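So the chains spell out like this:
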Amino acid sequence: MPIGGFVVHVQPEEKEEILRELSRHPQVEVFGHDEKGHLIVVLETETSEEMEALVEELSRLRGVINFNLAYLHAEDEVKKIEAGEIKPEIRFHRLRPEESS
Amino acid sequence: MRNILALMVLFLGLFLVACQTGKASKTQAAAAPSAQHPELSAREKLIPCATCHREVTPEIYEEWYNSLHGLDNVKCFQCHGTYENFAVEPPIGRCAACHAREVTHAPKNKACWDCHPAHKFTVHR
Amino acid sequence: MALSRREFLKRTAALTAASLVGMNLPLKVDRAQADADRWVRGTCRFCGVGCRVELGIKDGRPVAIRGVPQSRTNMGYLCMKGMLFYQLMRHPDRLTKPLYRESKKEKFREISWEEALSIAAKKFAESIKNHGPDSVAYYGSGQALTEETYLFQKIMRAGLRTNNVEGNPRLCMASAVGGYITSFGADEPIGSYADIEQAFCFFIIGSNMAEAHPVLFRRVMRRKLDNPREVTVINADPRRSPTSRIADIHLQFKPGTDLALLNAMAYVIVEEKLYNEDFLNNYCTFRVGKEKKEVSFEDYKKFISAYTPEKAADICGGNITPDLIRKVARIFATSPATMSLWTMGINQRIRGVWANNLIHNLHLLTGQLCRPGADSFSLTGQPNACGGVREGGGLCHILPGHRPVKVDKLRHEVEDLWGVPRGRIPAKPGYHTIAMFSAVNEGKIKAIWINCTSPAQSLPNCDKYRKGMAREDVFIIVTDIFPTKTTELANLILPTAFHFEKTGVFGCTERRSQLTVKAIDPPGEAKPEVWIAREWALKLAEELNDPVIKKCVEPFLGLEPGYELPKAIWTEYTQKLTAGRDNDLRGATYEVLQQLPDGVQWPAPTKEWALKGGTYKKFVRGLDPLADEHAIDEKPYQFYGPAHKDHKLWVWLRPYKGPAEEPDAEYPFYLSTGRVIDHWHTSSMTGRIKELMRANPYAYIEINPKDAQRLGIKPGDMVLVETRRGKNILPAKVYEGPMEGMVFVYWYDMAEDRMINRVTKDAFDPGSKEPEFKICACRIKRLSGPKPLKPYLVRL
Numbered sequence: 000m001p002i003g004g005f006v007v008h009v010q011p012e013e014k015e016e017i018l019r020e021l022s023r024h025p026q027v028e029v030f031g032h033d034e035k036g037h038l039i040v041v042l043e044t045e046t047s048e049e050m051e052a053l054v055e056e057l058s059r060l061r062g063v064i065n066f067n068l069a070y071l072h073a074e075d076e077v078k079k080i081e082a083g084e085i086k087p088e089i090r091f092h093r094l095r096p097e098e099s100s
Numbered sequence: 000m001r002n003i004l005a006l007m008v009l010f011l012g013l014f015l016v017a018c019q020t021g022k023a024s025k026t027q028a029a030a031a032p033s034a035q036h037p038e039l040s041a042r043e044k045l046i047p048c049a050t051c052h053r054e055v056t057p058e059i060y061e062e063w064y065n066s067l068h069g070l071d072n073v074k075c076f077q078c079h080g081t082y083e084n085f086a087v088e089p090p091i092g093r094c095a096a097c098h099a100r101e102v103t104h105a106p107k108n109k110a111c112w113d114c115h116p117a118h119k120f121t122v123h124r
Numbered sequence: 000m001a002l003s004r005r006e007f008l009k010r011t012a013a014l015t016a017a018s019l020v021g022m023n024l025p026l027k028v029d030r031a032q033a034d035a036d037r038w039v040r041g042t043c044r045f046c047g048v049g050c051r052v053e054l055g056i057k058d059g060r061p062v063a064i065r066g067v068p069q070s071r072t073n074m075g076y077l078c079m080k081g082m083l084f085y086q087l088m089r090h091p092d093r094l095t096k097p098l099y100r101e102s103k104k105e106k107f108r109e110i111s112w113e114e115a116l117s118i119a120a121k122k123f124a125e126s127i128k129n130h131g132p133d134s135v136a137y138y139g140s141g142q143a144l145t146e147e148t149y150l151f152q153k154i155m156r157a158g159l160r161t162n163n164v165e166g167n168p169r170l171c172m173a174s175a176v177g178g179y180i181t182s183f184g185a186d187e188p189i190g191s192y193a194d195i196e197q198a199f200c201f202f203i204i205g206s207n208m209a210e211a212h213p214v215l216f217r218r219v220m221r222r223k224l225d226n227p228r229e230v231t232v233i234n235a236d237p238r239r240s241p242t243s244r245i246a247d248i249h250l251q252f253k254p255g256t257d258l259a260l261l262n263a264m265a266y267v268i269v270e271e272k273l274y275n276e277d278f279l280n281n282y283c284t285f286r287v288g289k290e291k292k293e294v295s296f297e298d299y300k301k302f303i304s305a306y307t308p309e310k311a312a313d314i315c316g317g318n319i320t321p322d323l324i325r326k327v328a329r330i331f332a333t334s335p336a337t338m339s340l341w342t343m344g345i346n347q348r349i350r351g352v353w354a355n356n357l358i359h360n361l362h363l364l365t366g367q368l369c370r371p372g373a374d375s376f377s378l379t380g381q382p383n384a385c386g387g388v389r390e391g392g393g394l395c396h397i398l399p400g401h402r403p404v405k406v407d408k409l410r411h412e413v414e415d416l417w418g419v420p421r422g423r424i425p426a427k428p429g430y431h432t433i434a435m436f437s438a439v440n441e442g443k444i445k446a447i448w449i450n451c452t453s454p455a456q457s458l459p460n461c462d463k464y465r466k467g468m469a470r471e472d473v474f475i476i477v478t479d480i481f482p483t484k485t486t487e488l489a490n491l492i493l494p495t496a497f498h499f500e501k502t503g504v505f506g507c508t509e510r511r512s513q514l515t516v517k518a519i520d521p522p523g524e525a526k527p528e529v530w531i532a533r534e535w536a537l538k539l540a541e542e543l544n545d546p547v548i549k550k551c552v553e554p555f556l557g558l559e560p561g562y563e564l565p566k567a568i569w570t571e572y573t574q575k576l577t578a579g580r581d582n583d584l585r586g587a588t589y590e591v592l593q594q595l596p597d598g599v600q601w602p603a604p605t606k607e608w609a610l611k612g613g614t615y616k617k618f619v620r621g622l623d624p625l626a627d628e629h630a631i632d633e634k635p636y637q638f639y640g641p642a643h644k645d646h647k648l649w650v651w652l653r654p655y656k657g658p659a660e661e662p663d664a665e666y667p668f669y670l671s672t673g674r675v676i677d678h679w680h681t682s683s684m685t686g687r688i689k690e691l692m693r694a695n696p697y698a699y700i701e702i703n704p705k706d707a708q709r710l711g712i713k714p715g716d717m718v719l720v721e722t723r724r725g726k727n728i729l730p731a732k733v734y735e736g737p738m739e740g741m742v743f744v745y746w747y748d749m750a751e752d753r754m755i756n757r758v759t760k761d762a763f764d765p766g767s768k769e770p771e772f773k774i775c776a777c778r779i780k781r782l783s784g785p786k787p788l789k790p791y792l793v794r795l
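Residue numbers (numbering that gives the first Met the number 0), protein chains in the order written: chain A, 0 to 100; chain B, 0 to 124; chain C, 0 to 795.
Quick caveat, the hints were computed from the structure, so don't treat them as lab data.
Be a bit skeptical, because a hint or two may be false.
Keeping only pairs whose Cα atoms sit at most 25 angstroms apart, straight-line, the calculated SDA-like set for lysine to any residue is [stated by the list, open to error]:
no., chain 1, residue 1, chain 2, residue 2
1, B, Lys107, A, Leu57
2, C, Lys713, B, Lys107
3, B, Lys109, C, Arg5
4, C, Lys689, B, Ala41
5, B, Lys109, A, Glu56
6, C, Lys789, B, Ala117
7, B, Lys107, A, Val29
8, C, Lys57, B, Ala86
9, B, Lys44, C, Arg5
10, B, Lys44, C, Pro714
11, A, Lys14, B, Ala117
Source: prediction; values computed, not measured.
Please model the entire structure based on the sequences and the hints provided.
This is the structure:
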């Protein structure tokens, strides 16, 4: 499962509310924050697509200025793709005849 | 969708580059403890925290003194430790000494003071 | 701490992100609060509140303490002492080997336990053979486990045939015991901590609860803050303390004048007819004098008519006005439920028993008793003064189960229960504490065992008694965990197991017995006291060729000392000695105690009752099983206390008496002493915890700002304090605490210059024999500006 470390920049006065909102998501863990409005957030999801969607959703929260990826670990997901467990939309090779469905 | 992911990968690339320098400071961040108390002589260390902090950080002292912790004599070192084990943001275990029930039920990804502002520790409902 | 790989990756992600914005994350694992492998439940080692705690053990080491949220005493909260005392378990200063020196001029040398116990037995035997049984003594402690006190006093009384069994509760709670027995006919409070949450008026007198009973103070504070308009807090203390912060009314009177204040409050209650006629008619009588002569309510009214508020205000000085006395008396009487709380300000007095009586009087006159929230509640200072000493027979005049030693029937009862011949226990009480150490001074006591306390520092006018203890012909055995001012005067030092390193019961202020189970082994060769006492008794039996001594410990032979031995002792004590007594604890077996998050309040004659927690309120039918058992009529309250055959509560006619030594021209200041929150007693324990030592590294003398200005004393200046008995030099704390004309010194400091008991007075209450630590006369003088000071702890 992809693990992503993010620096989220928010407006300081919205920080409390945003922290509350983030705490409602089980895949989100806040590791730290400061008075300037930086939040250190780690997202953990099943797939990269899910993470993408989550990032999109969270960046739309009121007061969020930036949602920046700082570190991504996707090893597990890659393994699963190679094993055929996950079929991602984006492919790293041309579709083989038997994969087209 | 494809584009966004591609952009992410690009971003990742860029950040990984940044992370090279970041890695050095990451090692630093992991090794460096949370903010140290300024160096004091052995004699100065015998002064109770509140005695100095009344002058040095008067707003924090006032806030603490007028809070339930202040009224009930929960002193600075109980949360922040003493010089050898000092922590600006206390390990939650120190809150758990008195607030074991709350710590077990609190959300794991928050520190207590995210919702209960230090040093007032008022409850927000 | 083993991180899962996933956790590790998440941390790496977070740290990377954080580093980009220069943020420090609090991810360092703090060794002090690292997750423990297991948590062992017990009671806090310190004050009389009896907080329930859990000791966290990791890799065999004690690493943390946390409160037990389900406990009815502390509800999960702790004070800083309770939070940190795990640091004492592996402290480098711990005594780990028996130490001996033939002469007090020599240095100690390490010896084996076999040798140590032999010497201990030989010395006591020698003294008994040459000078009789009363030439030996045992001075114990309200911090010793009940099992320890019980076993030692059994050996002393039935084995060595002396009632020279005393303990440091003589110095703190004896007046409260006297007060309860003379007013209610039975020792210890009628109600419980639970009354706090039902009270509407708190009368806190002679107590600095905020620092001496912090976790209980929290409950009072909470009650007040949650009901700011409905609850009134009255604080009566010559000194403004942290407790005064929640007070609506602060009564500040000259030290020692409170008997006038209390009688004047009674005057107002009588004059304005605020008394509860029904309660008085149904449950009370009026008594006066040594002969306890019964008199009428009319006689009482006549007696109290002399204590007008005007007269009292005159005596009390301070901020006491007649109107204030009237106001306070009215609030006390008319509140839906009034709870009085007090400790040393009332007990450590030349007429401490009377002071206790006068507080009880207020509750008796107004009927503020036996209802939820209404109680006359004496706070106990030490964790086991109640359970071990007051209930377990640890004072020279009482046997286990609240039996006065001089009552033949009860003494023989105990002899029978112990299976020893009648006549073994002497009929007369032994030496009380001050008499005991005076006897040491006079060479009448040749061998004394001092357990878990430091009288060299804690006795009033201590230099006088240290002289006696330093005598070469007085053999002193000290059992303790650290060197103290008392081990300095010992011949034989025996290292003991600390709390959680042994198993045993503490009985706290609210009659609740709570069990602490052994969690780790003691360090080095330190041993639990129950093992030491048992082995010593066996050797004594040989030395004196007296099989009855062996009989005293026979039920305990061969038992494993960490758990089985104390369990057997507790079983004998509760099942045999408390059966049918007012502190019946038969239901509170170790098994029952371990099933509860806290403990059992006596009376608890059955396991069923004990499992509910025991008796919250004594003497009330339906709430107290003994009230139903001993009922003499249909009334809801039954006062079956063993000391009052008439089953009544006694309102005592007590005259005003001031302190033994009042200020005069030569010594114009009142000197009072007390504790601070960071340190426990003589600081032999708390002084060794860095956080606590730094919070209060040395004792100060608190001086009122007006006095300080007049005498040219600035904060930090070195001040000479002199009384008729000696001098001390202490740094000044200029503080709106003590009233004008009064100074206040903390007594925990071991440094000779700052050890305040060197100058206090050893006058004592003729009834309770408790000394008047709280009041004497002194003079003060500025010596110099601030000097660099060092905290001091006795080292070997």
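| said: Just to be careful, I want the Cα atoms of Lys109/B and Arg5/C compared with a cutoff of 25 angstroms; is the pair within it? | reply: Judged against 25 angstroms, a Cα distance of about 19 angstroms means the pair holds.
| request: Assess, step by step, whether the Cα of Lys689/C is no farther than 25 angstroms from the Cα of Ala41/B, and give holds or violated. | output: Satisfied, since the Cα-Cα distance of roughly 12 angstroms is no more than 25 angstroms.
| Under the criterion that the straight-line Cα-Cα distance not exceed 25 angstroms, is the pair Lys713/C, Lys107/B satisfied? | The given pair, whose Cα atoms are some 50 angstroms apart, is violated under the 25 angstroms limit.
| Restraint status (C-alpha distance of Lys107/B to Val29/A at most 25 angstroms) | holds (9 angstroms)
| field | Lys109/B paired with Glu56/A [C-alpha distance capped at 25 angstroms] | value | holds (21 angstroms)
| message | What's the verdict on Lys57/C and Ala86/B, does the C-alpha distance respect the 25 angstroms limit or exceed it? | response | Distance of about 21 angstroms is within 25 angstroms: holds.
| Pair hint Lys44/B and Pro714/C, alpha-carbon separation not exceeding 25 angstroms | holds (19 angstroms)
| task | Would you check the hint for Lys107/B and Leu57/A, treating anything up to 25 angstroms between C-alpha atoms as holding? | result | Distance ~19 angstroms between Lys107/B and Leu57/A Cα, so the pair holds.
| said: Run the distance test for Lys14/A versus Ala117/B: straight-line Cα separation, threshold 25 angstroms. | reply: The hint holds at about 16 angstroms.
| message | For a C-alpha distance cap of 25 angstroms, please report whether Lys789/C and Ala117/B respect it. | response | violated (33 angstroms)
| said: Check whether the Cα positions of Lys44/B and Arg5/C lie no farther apart than 25 angstroms. | reply: Roughly 41 angstroms separates the two Cα atoms, so the pair is violated.
Checked against the numbered hints given earlier, the structure breaks hints 2, 6, 9 and satisfies all the rest.
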